[in-house]
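2 protein chains.
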Amino acid sequence: MKNAQHDEMIHLLRNHRSIREFQQKRIPPDLINTVLTAGQAASSSSHGQSYTIINVTDDEKKRLLADYAGKQTHIRDCSNFLVFCADLYRLEQIASLNGVNLKEVIESTEMLLISTIDAALAAQNVAIAAESLQLGIVYIGGIRNNPEQVSELLELPYRVYPVFGMCVGYPQPDKVPDSKPRLPLAVVCHENSYSPFEDVYPEIQEYDEEMRDYYANRSHGSRTATWSGAMLDKRKVPRRMFMKHFLNQRGFSLR
Amino acid sequence: MKNAQHDEMIHLLRNHRSIREFQQKRIPPDLINTVLTAGQAASSSSHGQSYTIINVTDDEKKRLLADYAGKQTHIRDCSNFLVFCADLYRLEQIASLNGVNLKEVIESTEMLLISTIDAALAAQNVAIAAESLQLGIVYIGGIRNNPEQVSELLELPYRVYPVFGMCVGYPQPDKVPDSKPRLPLAVVCHENSYSPFEDVYPEIQEYDEEMRDYYANRSHGSRTATWSGAMLDKRKVPRRMFMKHFLNQRGFSLR
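Quick mapping for you: the protein sequence lines, in order, are chains A and B.
Heads up: the first sequence begins at 1 in full-length UniProt numbering, then just goes up one per residue.
Heads up: the second sequence begins at 1 in full-length UniProt numbering, then just goes up one per residue.
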């Protein structure tokens, strides 16, 4: 690969932005399959591939999922709404057919981590593949607002849970937002040992000002939050406190 | 981006293989920073960036981490060993400085998911960025064999836990393995609802034969397992059953 191509890939990765305004245009099945098989190429723990993607193309299901996720209309408007699920059901079925009892292992918190991470790594490959084909994506954690309804709608069996969704579609060219600044590298990446908070706090404060400008520009001056302020506003309302119970009910992390 | 470049990107994603044999050559700091900032560009829940990467370059620490992960010498031999951590400490510190009490929220299983997924999405971007620069990577779940020792060595505070590691370095050109076949797309990707197991099982059986050939080739005939067989062998030994207790002790998923 030539240097110019390396630069293009790094540029593509750094150029990510979440797309929430889509054209009314369907992605051809061949193209979405290209994206999905690129997703499959991500690593998985012990090559277990402990995830399943539900590719939602049905309009009525997308409309319901948009409601479940808190009236996120881009779920309805995108071409394909992908629901990434952690999946230990497939393994348990294979075990059962082979007379192996994996109940204790499958119910471990370790297997919750493995299957959740497998789903996330595949998803990020899907995101990059889609963006390289000039499609737009946005992750939807909001499906965890109503995970039971989502599971029922998609007929997820016991030992499968919906981790997050992803809208995929053709972006409306005039509605692509600016890319959002990230925390300074020194805040999120430390060398050899964890940096004391007081060492990174000045850089968080600088970033707070950068994000204040970003939010102000994007809202034409109406939003004055810093990053820290926006985070605290977001997190101080307890949300999805049912998650432990939900996961346990679906057969995850019981021990 | 031109079509040829789209193809390059999809090819790059599909061409992933885990590298465990590295040249004794250090990655220049500028180059690793390019990789890490590309990692930062991944999405995170509510833009919270709830992860920290410990970039381990110290030889003694790499040697110890190789032991903790079960004598994985590639951790010692790679240029940079990146430890991806879920991080709720940063948020709690910011909250505390602003007089906000986030204890209940931070201790939720939902925040375990958010921070673990944030770390995983950043990691997969790091993997793709590294591979686009012709570096090799391998994920290391093995650091969860001894997460307390890893946490202590890297001085991780309460509310931070090591999710997985990643070796990054220059591959030994004659020791790059073949890429591993994935499950047929129809097994891991279902349209509109979860496919019954009996519908996908024949494809799993075909894949079992494909993987039997793959393992046999790679081992010069000494390994005769199928994928299902290898998975059951791997999973039937309960591993890391302490994970729930460990996470609770580090302040995660307490409610």
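Where hints are given, some of them may not hold.
Note: identical chains are not told apart, hence a pair may lie in one copy or across any two.
For lysine to any residue, the following SDA-like pairs were computed, each having C-alpha atoms within a straight-line distance of at most 20 angstroms [as the list claims (entries may be wrong)]: (1) Lys180 to Asp67; (2) Lys234 to Asn192; (3) Lys244 to Glu104; (4) Lys61 to Arg218; (5) Lys244 to Ser179; (6) Lys25 to Pro173; (7) Lys71 to Ile27; (8) Lys71 to His220; (9) Lys175 to Asp233; (10) Lys236 to Thr57; (11) Lys71 to Gly251; (12) Lys103 to Glu203; (13) Lys234 to Asp77; (14) Lys244 to Glu206; (15) Lys25 to Gly221; (16) Lys103 to Ala230; (17) Lys103 to Lys236; (18) Lys103 to Asp233; (19) Lys236 to His11; (20) Lys236 to Ser96.
Read the hints as simulated data drawn from the structure, not as lab findings.
Hints, verified against the model:
1. Neither within a single protomer nor between protomers do Lys180 and Asp67 lie at most 20 angstroms apart by alpha-carbon distance, with minima of 26 angstroms and 39 angstroms respectively.
2. In the homo-oligomer, the alpha carbons of Lys234 and Asn192 never lie at most 20 angstroms apart, since the shortest distance is 32 angstroms inside one protomer and 32 angstroms across protomers.
3. In this assembly of identical chains, Lys244 and Glu104 lie within 20 angstroms of each other by CA distance both inside one copy and across copies; the values are 18 angstroms within and 13 angstroms between.
4. In this assembly of identical chains, Lys61 and Arg218 lie within 20 angstroms of each other by CA distance neither inside one copy nor across copies; the values are 32 angstroms within and 44 angstroms between.
5. Taking the closest pair of Cα atoms, Lys244 and Ser179 never come within 20 angstroms of each other, the shortest separation being 34 angstroms inside a single copy and 37 angstroms across copies.
6. In the homo-oligomer, the alpha carbons of Lys25 and Pro173 lie at most 20 angstroms apart inside one protomer (13 angstroms), although the nearest pairing across protomers, at 44 angstroms, exceeds that limit.
7. In this assembly of identical chains, the alpha carbons of Lys71 and Ile27 never lie at most 20 angstroms apart, being 23 angstroms within a copy and 46 angstroms across copies at closest.
8. Taking CA atoms no more than 20 angstroms apart as the test, Lys71 paired with His220 passes in neither setting, with 24 angstroms inside one copy and 56 angstroms between copies.
9. Within a single copy, Lys175 and Asp233 get their C-alpha atoms no closer than 26 angstroms, and across copies no closer than 51 angstroms, so neither meets the 20 angstroms cut-off.
10. Within a single copy, Lys236 and Thr57 get their C-alpha atoms no closer than 35 angstroms, and across copies no closer than 37 angstroms, so neither meets the 20 angstroms cut-off.
11. When the C-alpha separation of Lys71 and Gly251 is checked against a cutoff of 20 angstroms, the pair qualifies neither within a copy, at 28 angstroms, nor between copies, at 33 angstroms.
12. Taking the shortest alpha-carbon separations for Lys103 and Glu203, neither the intra-copy value of 47 angstroms nor the inter-copy value of 24 angstroms comes in at or below 20 angstroms.
13. Proximity of Lys234 to Asp77 under the C-alpha cut-off of 20 angstroms is found in neither arrangement, the shortest distances being 26 angstroms within a copy and 42 angstroms between copies.
14. For a Cα distance limit of 20 angstroms, the shortest separation of Lys244 from Glu206 qualifies neither inside one copy, at 36 angstroms, nor across copies, at 37 angstroms.
15. Taking the closest pair of Cα atoms, Lys25 and Gly221 never come within 20 angstroms of each other, the shortest separation being 33 angstroms inside a single copy and 50 angstroms across copies.
16. Taking the shortest alpha-carbon separations for Lys103 and Ala230, only the inter-copy value of 18 angstroms comes in at or below 20 angstroms, while the best intra-copy value is 42 angstroms.
17. Taking the shortest Cα distances, Lys103 and Lys236 sit within 20 angstroms of each other only across copies (9 angstroms), while inside one copy they are farther apart (37 angstroms).
18. Proximity of Lys103 and Asp233 under a CA criterion of 20 angstroms is satisfied inter-copy only: 14 angstroms between copies versus 40 angstroms inside one chain copy.
19. For the homomeric pair Lys236 and His11, neither the shortest alpha-carbon distance inside one copy (35 angstroms) nor that between copies (43 angstroms) is at most 20 angstroms.
20. For the homomeric pair Lys236 and Ser96, the shortest alpha-carbon distance between copies (12 angstroms) is at most 20 angstroms, but the shortest distance inside one copy (44 angstroms) is not.
Hints 1, 2, 4, 5, 7, 8, 9, 10, 11, 12, 13, 14, 15, 19 from the list above are not met by this structure, while the remaining hints are.
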